[in-house]
Amino acid sequence: MEISLEGALPLILAWQLQGSEMAKFKEDEWMKGTCELQASNCQTLSLVIREVEDILLLDKPSIRPESIIPSITKKKSISVAAPAEPYNRQKYFQYVSNRDKAFVELYTFCFNLAKPPTGRNIDMDGTYKGVNKDLWNMALEFCRTVHPDLSNYEPDGAWPTMLDDFVAWKKLSNGDAGQRTVEAA
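Under our numbering, the first residue of the sequence shown carries the number 1, and numbering increases by one thereafter.
Keep in mind that the hints were calculated from the coordinates and are not lab data.
Hints should not be assumed to be uniformly reliable.
Derived pair list, reagent style BS3-like, types lysine-lysine, alpha-carbon separation capped at 27 Å [to be verified]:
| hint | residue 1 | residue 2 |
| --- | --- | --- |
| 1 | K32 | K91 |
| 2 | K101 | K91 |
| 3 | K26 | K91 |
| 4 | K133 | K24 |
| 5 | K170 | K60 |
| 6 | K91 | K60 |
| 7 | K170 | K91 |
| 8 | K170 | K133 |
| 9 | K101 | K133 |
| 10 | K60 | K171 |
| 11 | K60 | K101 |
| 12 | K24 | K91 |
| 13 | K101 | K24 |
Quick list of the computed label-pair ranges, beta carbon to beta carbon [stated by the list, open to error]:
| hint | residue 1 | residue 2 | range |
| --- | --- | --- | --- |
| 14 | K171 | W30 | 39 to 49 Å |
| 15 | R50 | L140 | 16 to 26 Å |
| 16 | C143 | E21 | 20 to 30 Å |
| 17 | D59 | E6 | 12 to 22 Å |
| 18 | R144 | K171 | 33 to 43 Å |
| 19 | K26 | A114 | 39 to 49 Å |
| 20 | K24 | A158 | 19 to 29 Å |
By construction, the Cβ of each residue, glycine as well, lies at the ideal position given by its N, Cα and C atoms.
Use the sequences and the hints to build the structure in full.
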């Protein structure tokens, strides 16, 4: 399918097929999802998830729905349908009509997919031992509020420590220490 297992594409695929496990699909999930999308091959399925990524994560312009082109000839009205869509884009156009709602649905799906079935938190290795739903929602608000280049991030804001740590890491990895110096008076 030529889909990298890094990044958001596998999560978008799982969301579109309503997968219950990370990187695994049950036969009924696969059949129901691909039938609903009318995606009959891997190339079409790849197109589906890339188009969803384009509108929800990369903020690219959406594809316009193909419309019926009326043609009038000698008092007769003939409708000529546009070429067939490569897949059922009904969900796609729903996402286009309300991108924020669709992003929240994807975000919530990812949280529920990542947390253990009986748990309330996402287990993590390292400094943080788990992410609860409140922290997950704060991260969503952070994504909505702070620009990708972090130019409008305010260190004195009420963000959780985990997000402050992320900003510090991101600035260091970009070569911008972002340190403020305070001169002694």
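Hint by hint, here is what the structure shows:
no.	hint	verdict
1	K32 with K91	holds (14 Å)
2	K101 with K91	holds (12 Å)
3	K26 with K91	holds (21 Å)
4	K133 with K24	holds (24 Å)
5	K170 with K60	holds (24 Å)
6	K91 with K60	holds (17 Å)
7	K170 with K91	violated (34 Å)
8	K170 with K133	holds (23 Å)
9	K101 with K133	holds (17 Å)
10	K60 with K171	holds (25 Å)
11	K60 with K101	holds (17 Å)
12	K24 with K91	holds (22 Å)
13	K101 with K24	holds (26 Å)
14	K171 with W30: 39 to 49 Å	holds (42 Å)
15	R50 with L140: 16 to 26 Å	holds (23 Å)
16	C143 with E21: 20 to 30 Å	holds (25 Å)
17	D59 with E6: 12 to 22 Å	holds (20 Å)
18	R144 with K171: 33 to 43 Å	violated (20 Å)
19	K26 with A114: 39 to 49 Å	violated (18 Å)
20	K24 with A158: 19 to 29 Å	violated (38 Å)
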